[in-house]
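Dock chain S against chain L, hints included.
Quick mapping for you: the protein sequence lines, in order, are chains L and S.
Numbers 1 to 475, taken from this note's numbering, label the letters of the first sequence in order.
Numbers 1 to 235, taken from this note's numbering, label the letters of the second sequence in order.
Please note that a few of the clues may not be correct.
[Stated by the list, open to error] List of simulated lysine-lysine pairs, PhoX-like, C-alpha gap at most 20 Å:
{"no.": "1", "chain 1": "S", "residue 1": "K112", "chain 2": "L", "residue 2": "K409"}
{"no.": "2", "chain 1": "L", "residue 1": "K443", "chain 2": "L", "residue 2": "K429"}
{"no.": "3", "chain 1": "S", "residue 1": "K168", "chain 2": "L", "residue 2": "K443"}
{"no.": "4", "chain 1": "L", "residue 1": "K463", "chain 2": "L", "residue 2": "K436"}
{"no.": "5", "chain 1": "L", "residue 1": "K442", "chain 2": "S", "residue 2": "K168"}
{"no.": "6", "chain 1": "L", "residue 1": "K160", "chain 2": "L", "residue 2": "K172"}
{"no.": "7", "chain 1": "L", "residue 1": "K467", "chain 2": "L", "residue 2": "K429"}
{"no.": "8", "chain 1": "L", "residue 1": "K442", "chain 2": "L", "residue 2": "K429"}
{"no.": "9", "chain 1": "L", "residue 1": "K352", "chain 2": "S", "residue 2": "K168"}
{"no.": "10", "chain 1": "L", "residue 1": "K463", "chain 2": "L", "residue 2": "K429"}
{"no.": "11", "chain 1": "L", "residue 1": "K81", "chain 2": "L", "residue 2": "K54"}
{"no.": "12", "chain 1": "L", "residue 1": "K443", "chain 2": "L", "residue 2": "K2"}
Honestly, the hints are just simulated from the structure, not real lab data.
On a predicted model such as this, the values are computed, not experimentally measured, just so you know.
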Amino acid sequence: MKSTTSAFRSAASQALSDVRLQQAHEVVYNGFHRARLSAAADTEDWEAQRTLGKAIKDHTIANLDYYLDMLANNVEKNGGKVYFASDAADANTYVRGIAEKNDVQTVIKSKSMVSEEMGLNHVLEADGIEVVETDLGEYIVQLAGEAPYHIIAPAIHKTKAQVADLLAEESKTERRETAEELTQQAREMLRGVFQRADMSVTGANFAVAETGSIVLVTNEGNGRMATSMPRIHVAAMGMEKLVPSAADLSAMLRILIRSATGQRISAYVTMVNGPRAHDEEDGPEEFHLVIMNNGRDRLLRDDSLREALNCIRCGACMNSCPVYRKVGGHSYGWVYPGPIGSIVSPVLTGLKDGAKLPAASSLCGACHEACPVKINIPRMLLELRSQSAEGVPDPLQRASGFGERMTWKAWQKGMMSRSRFEAGSSIGKLVAAPLKKDGWLKKMPPPISGWTDSRDFPAPASKSFGKWFAERKRD
Amino acid sequence: MPNVGMSVVNILEAQGIDVHFPPDQTCCGQPAFNSGFRNDARPVASRFLDIFEATDGPIVCPSGSCAAMVRNFYPDLFRDHPEELARAKKLADRVYEVTEFIVDVLGVEDLKVRKDIDATYHRCCHLLRELDVDEQPTALLENVDGLELKPMERDEVCCGFGGAFSVKMSDVSTAMLDEKLDNVMATGASTLIAGDTGCIMHMQGGLRRRGSDVQVVHIAELLDSQFDLSRAEQR
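Excised from the complex, chain L in its bound form (with noise of 0.2 Å):
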């Protein structure tokens, strides 16, 4: 996919002023992230449980080319297919070949954001493929020609009205109203594409290295039938989504499904192992598992930033951020929207043009609370600032201005003596003073001119507490 992190604040600004992207936005709060909260504390051990998911996955972040080499081994051992992708076109090389090689004319797809960084579906349609999602969020993005909004929730921008002009549209029947009519509709819309599918792509929500399993969560059963009726099967994930073993996937479901919607477990959760053994009745005759990089090593290699590694993809930080609940999940102009994509979509796509993402941010830390593997976002939000400003470790990526090196260079020299410190706040005295009403200022110039265009702001005391402290000793 191709990214537009660089155009943020004009993306941020549009959804703003868009009324009815603003009420939709509220559904995060009031839905999934209060449904978070009450199974927090429906869970009597819910700390312990988000600190074994963090060590879980510490641990093989830690040790991550044993346990992929692992992994592997034991899906060849099943009979599947392993290609280590480096980056997007080269997955979409190998998906490719798959295809043509196979003759596949249908490809049916369960929700892969992984998928979403390759492109793929455009990929494969330029070669005449017919792709569909059928994840129904899924679904309606894709006729609408739009990518996902949410990474649990990828239609949530859209209403009934939008949702039901889609769906007659792409089946030219009679358009539908309600919630349950326009869901028998994309059921029915799509039930004859899973029967023609050939080939099926799905993502990974985790895979089980000891085992050489892959992991789908759905609440749709699409992931069920997109593993089980195509003649292909191919599974994509990012490299950092594995578990060692079944009883870490047993501790980590029960976070993410949590975490991501509030119930206690899923209405499907689906473990593949591989093709259908010769005395198995259904699944596919192969399977492929993708494991993609994409410059995730870039993620691995910066000991300050490779906790993002650790993230589950639940949608709980985009959930709890009042940031993401005003600007909406297109603003961040790549795959992964919201705090954590804050920090993966700059290092995976260049953080010289994703530097506003780190600084869409009021540090407030509600995500780095509703984290279900504690992943400090705020911290490393901050770390992507200081790389951006100052160019550590690559000076290539920085985006800081010089107008800012140098403000911030006399911010600085004012802060390191007491005396240049007051002298600050006299001259600040001095310019407020004839722009001042009872104490306030109701507009200032640049770059104070963004406060004063909405908010107050106070001029000046008229005596500081250091003086004041100071008189009164003497006294």
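Showing chain S alone in chain L's frame:
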């Protein structure tokens, strides 16, 4: 906001504490650090270490984000500077946010003050989530005679301040502020209490622009028996 500092002094002295104010202090370095300019923040933070290492006893700060800077973020700032890192960790053990100090160190939950007002409390982000200071201010407020605390929807959600964020991404910050102020005004309370000066400046600036007469006070001002609430607007 000199009033906040004065109220902290009044409260601590009423508890029999001898308060000192190292006169050379300026800033902990947070603004530059949060903007990514660590090389500019570091000398300022280092100066903070020098000044406060020369003192004894607890270091009390009426701002969650400044306390969080020293306790939680100095380790990142001084990551590649082992000598200062060790000093920063040692100093961090002496740093307290003011309500945390009153409740956890002094063991006082009732400051014996009377304030006849209805108010609502905004749980500032850095206090709540960086320092885990939530029960302490709540306990202190519950023990104020005459204070009627009105519950606020989404009282844990950020007001949109975020330092330079409020200027650099003014429109996003303002949208967050609007949600907060709608929730504040829906309580019908005459007074908004918060524990971080940045958030107070932000919410107060927004309320004034709306023409609202809701007054905003720092929790230290509210807990200071010498602080006259009718003076709150004159910062």
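- prompt: Can you name, in rising order, the numbers of the hints this structure does not satisfy?
  reply: 1, 11 and 12
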